[in-house]
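J.: Protein chains in written order, with the working numbering: chain A, 62 to 327; chain B, 21 to 397.
Keep in mind the hints are simulated off the structure, nothing from the lab. For clarity, every value in this text was computed on a predicted model and none was experimentally measured. Hints are supplied without guarantee of correctness; some may be wrong.
[Stated by the list, open to error] Here are the simulated DSBU-like pairs of lysine-lysine, each with C-alpha atoms no more than 30 Å apart in a straight line:
(1) A:Lys-297 / A:Lys-175
(2) B:Lys-374 / A:Lys-297
(3) B:Lys-290 / B:Lys-196
(4) A:Lys-109 / A:Lys-175
(5) A:Lys-303 / A:Lys-325
(6) B:Lys-290 / A:Lys-303
(7) B:Lys-218 / A:Lys-303
(8) B:Lys-196 / A:Lys-297
(9) B:Lys-374 / B:Lys-331
(10) A:Lys-174 / A:Lys-265
[Claimed, not checked] Among chain A residues calculated to face chain B with C-beta under 8 Å, some are:
(11) Phe-257
(12) Met-261
(13) Ala-262
(14) Lys-264
(15) Val-268
(16) Thr-322
Glycine included, C-beta positions come from ideal geometry on N, C-alpha and C.
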Amino acid sequence: MNIVICIKYVPDAQADLTFSESDNTTDRLGVEGLLSELDEYAIEAGLKLVEGAVGPDGAASTVTVLTVGPDRAADAIKKALQMGANAGVHVNDEAIHGSDAVATSLILAQAIKKIGIPDLVLTGMASTDGAMGVVPAMLAERLGLPQVTLASEVTVEGETVTIRRDGDLASETITASLPALVSVTDQINEPRYPSFKGIMAAKKKPVETWSLADLGVDAALVGLGAAWTTVESFAKRPPRVKGQIVTDEGEGGTRLAEFLTAQKFA
Amino acid sequence: MPTDESQDLIDLTRQICAAQLAPIASAAEEAAQFPGDTFALLGRSGLLSLPYAEEHGGGGQPYEVYLQVVEEIASAWMSVAVGVSVHSLTCFPVAEYGSDQQRAELLPAMLSGQTLGGYCLSETQAGSDVSAISTRATASQDRSTYSVTGSKAWISHAGHADFYTAFVRTDDHPSKGLSCFVIPADTGGISFGTPERKMGLACDPVSQVHFDRAVVDSGRMIGAPGLGMSIALHALDSGRLGVAAAATGLAQAALDLAVSYSKEREQFGKAISEFQGLSFLLADMEAAVTSARATYLHAARLKDADRPFSKQAAVAKLICTDAAMRVTTDAIQVLGGAGYTRDFPAERYMREAKVTQIFEGTNQIQRLVIARQLLRG
């Protein structure tokens with residue numbers, strides 16, 4: 062079974078996140094980045110699927126991780142390879158900077174076609190920075206694959222993938238024929254840590270770097286200029302002001318009620 | 021860090037420590053739970069085998085890197101770091117003195133963390149004086165087995181380990197009559213004493229291990245008969261570095277706690293860190309931790325370069341553990357009354373630091389080792 066997992070290098074959510082002053086895009090240079098936590102679930106799901114799978118012809122399964130991003134996005138690929146993925150593809154081109162979800166899905170689709178349509182394309186449920194969660198659907202559409210999203214369980218039997226999607230009111234079981242695209246939630250598994258052997262092995266795993274030209278993608282269709290929306294301005298949330306402490310000397314309840322009324326809570 | 025991979029290894033260790041060790045350490049120490057799951061996780065991640073050769077499943081890492089991993093683990097959870105150092109010590113005789121067959125048979129399970137070891141050297145009357153060991157192994161008539169009888173004391177992982185690397189008497193000669201065996205824990209005739217009621221390191225269970233005519237296959241003797249003392253002392257040189265690194269990590273944890281507390285605690289209208297009297301205390305703590313780290317790394321680099329390092333290992337053990345004692349004590353001072361309560365880990369750090377001046381050779385014995393080598397010939 063061959064699997065391509067789409068992963069993203071995102072700013073560390075624990076860092077002081079901001080936007081770039083020059084073009085109002087997410088600042089990816091001034092902060093530490095890492096593999097999006099939500100993508101670790103997709104990697105774990107992919108690794109589990111191939112560990113359990115024995116191909117009918119005995120052919121080895123391959124897990125390829127694919128990322129679109131700047132130089133430092135190579136760290137996300139490295140982490141995935143350390144966890145156990147077999148190969149990496151990094152699409153890196155200055156013209157990609159500022160791309161929206163529509164353009165990102167175009168680049169991913171072209172890269173997956175160049176890798177060769179696998180049995181399964183896996184993604185996380187959203188990125189932890191953009192958090193739109195629309196790329197999986199767009200990508201499935203562009204590749205003409207069935208989209209089976211928000212899986213909290215995934216199994217492959219023969220030519221069929223089955224997922225469980227847990228909703229607020231019911232759990233659905235959904236099947237699709239392979240090849241298919243599956244996005245997974247953070248409920249699906251507990252992502253493994255890389256092992257030291259994984260770290261050493263990752264050094265020897267192949268990583269290809271492709272430009273837009275390598276994929277035959279017109280640079281005018283991607284990047285900030287082609288984005289369907291633009292961020293006009295941004296402002297930092299004002300720092301929290303110190304709260305007011307009321308010492309209860311018998312009239313605490315009244316003071317509290319006054320405060321709530323003044324704030325229009327009551 | 022010598023390579024990119026070793027930096028990745030430290031990053032991995034920090035990630036595991038922050039997510040899996042640090043959050044549960046205080047509660048586990050309070051409850052004295054043996055961290056079996058944690059050792060299994062470290063084994064799966066390849067962190068129990070770092071300094072050993074790759075051909076038997078080791079990480080092939082220099083001591084310089086392995087020790088920094090131990091330091092990181094110690095700053096999250098001292099009992100686990102001590103356990104990693106002890107386990108590493110139990111593998112040492114097999115890796116260094118074992119036959120090819122013994123290494124092939126025993127090391128893969130030891131190094132992958134599938135099996136955990138205990139190090140049986142001390143006895144109640146044989147602490148610093150290893151030559152006073154009285155536990156005896158008697159060969160059977162056809163010499164195919166040995167019958168081991170006697171009691172070992174202060175044994176970490178007793179009752180939890182899968183094997184015991186034991187030093188026992190096969191001859192009456194005080195120093196040349198000791199031999200080393202790796203004894204499976206399920207050998208008949210092994211029993212355990214009541215766990216010691218220690219001052220700290222509650223998650224590192226320590227008790228006596230009693231051998232009563234425990235029959236051990238001759239193939240489990242590591243190295244030649246009579247080589248035990250030499251193996252034990254050689255292993256301790258490396259073990260001391262493990263303790264030195266762990267003590268440094270513990271001191272770092274205490275320092276980090278003191279620094280963050282001092283920036284938040286306000287008196288006389290400002291953070292206490294802004295008072296010079298207190299900031300100088302913090303500066304001295306930082307100097308102690310930094311110099312301790314440099315000392316153990318120096319010894320490790322000598323070892324990695326195959327140069328004599330026994331004296332430097334003793335210096336490192338002495339310097340790092342004394343630093344840990346002082347820094348953890350000062351951390352309590354920085355936290356004041358809060359530091360004296362069990363609501364903060366400072367008092368636990370101090371209790372954990374004390375034993376580092378005692379085990380793996382007391383700091384008095386380290387001075388003996390240093391002086392002897394200094395004054396030799």
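J.: Against the earlier hints, flag every one the structure doesn't satisfy and list their numbers going up.
T.: Of the numbered hints, 1, 2, 3, 7, 8, 13, 15 and 16 do not hold.
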